[in-house]
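In case you want the letters, here they are:
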Amino acid sequence: KAGVTQTPRYLIKTRGQQVTLSCSPISGHRSVSWYQQTPGQGLQFLFEYFSETQRNKGNFPGRFSGRQFSNSRSEMNVSTLELGDSALYLCASSLGLAGSGTDTQYFGPGTRLTVL
Amino acid sequence: AQSVSQHNHHVILSEAASLELGCNYSYGGTVNLFWYVQYPGQHLQLLLKYFSGDPLVKGIKGFEAEFIKSKFSFNLRKPSVQWSDTAEYFCAVNADNYGQNFVFGPGTRLSVLP
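Protein chains in written order, with the working numbering: chain G, 17 to 132; chain C, 3 to 116.
Be aware that one or more of the hints could be misleading.
As the list claims (entries may be wrong) - Derived Cβ-Cβ restraints for the label pairs, each shown as a range:
1) C:Leu-115 x G:Arg-128: 26 to 32 Å
2) C:Ser-16 x G:Thr-30: 43 to 49 Å
3) C:Glu-68 x G:Ser-43: 32 to 38 Å
4) C:Gln-44 x G:Gln-57: 19 to 25 Å
5) G:Gly-78 x C:Lys-63: 38 to 44 Å
6) C:Glu-68 x G:Thr-21: 31 to 37 Å
7) G:Arg-83 x C:Glu-17: 43 to 49 Å
8) C:Lys-63 x G:Ser-95: 38 to 44 Å
Hint data in this document are derived by calculation from the structure and do not stem from the laboratory. Source: prediction; values computed, not measured. The beta-carbon is built from N, C-alpha and C at its ideal position, and this holds for glycine as well.
For reference, chain C alone in the conformation it holds in the complex:
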């Protein structure tokens, strides 16, 4: 069965600091990878996704993620965080086969201090 781990439960940064959130998955086949964000009081929104092609994908709000197949990783990055980035971030994996459901990581709570 697929599983997804996220390295940090809670990350605290000051504004303008750089961000990297780790995500690793366990599945040997072709996967599709996602990062979702849940801002306080709001519903889950897609930040970015990787299906194929360039392993460096850019998403909304200045976020990017790099797929490293050999490391089974899909880490999320942002060069300079803002207070408004305070949210919970979820990595998700979906195997590229019909009938495979989405598996979400446990989430990383990001707190950005003004």
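For reference, chain G alone in the conformation it holds in the complex:
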């Protein structure tokens, strides 16, 4: 069974631009969660989507947004990029709600975003 895939793998943008990242979950998984990983802050939860609805949101500004499509694929958008947005953005999928506690998240390889 194919794992979680993320595109693109690498991205370079300049301050002020916007970016869209894509995540395709494992087949049959309905939940997609997004995380930001940086050397200073570690892994931080951005948001979770389940059945096309945002179910949970971390402590990030409104410039970070996302959506999920009917096939469970998800996109994350960051507008007005700042230098501090440079990070590895990870996507994770699970069968049910990640927050249900009885499910396991499977992570993708991430998208490395560099903001110049």
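Put chain C on the given structure of chain G with help from the hints.
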């Protein structure tokens, strides 16, 4: 809010040495606990998880972890490490309620010397 701490930032061991990585969390309710590993150049993989039952859980590659509720701890152990265990290890906590997100610890980098 939940928080997760990991005792060591970087651990260096020789092959065949025993490993114990500490993880403590701050949350008074029911929690689910995880250890993830990130090998160099690879994505995060689940090592083991605890939801309920036997507090000693066994994972892949010979790893095990013990949940001690009274100490709010979930330490990871391996009796004899190999060079291939060199990686970053993350402890994560998730409260057993819908809408509670995952909180990850800062990670512990393990370097195993051949």
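Consistency of the hints with the structure:
no. : hint                              : in the structure
1   : C:Leu-115 x G:Arg-128: 26 to 32 Å : 29 Å, holds
2   : C:Ser-16 x G:Thr-30: 43 to 49 Å   : 46 Å, holds
3   : C:Glu-68 x G:Ser-43: 32 to 38 Å   : 35 Å, holds
4   : C:Gln-44 x G:Gln-57: 19 to 25 Å   : 21 Å, holds
5   : G:Gly-78 x C:Lys-63: 38 to 44 Å   : 41 Å, holds
6   : C:Glu-68 x G:Thr-21: 31 to 37 Å   : 35 Å, holds
7   : G:Arg-83 x C:Glu-17: 43 to 49 Å   : 47 Å, holds
8   : C:Lys-63 x G:Ser-95: 38 to 44 Å   : 41 Å, holds
In summary, the structure agrees with every hint in the numbered list given earlier.
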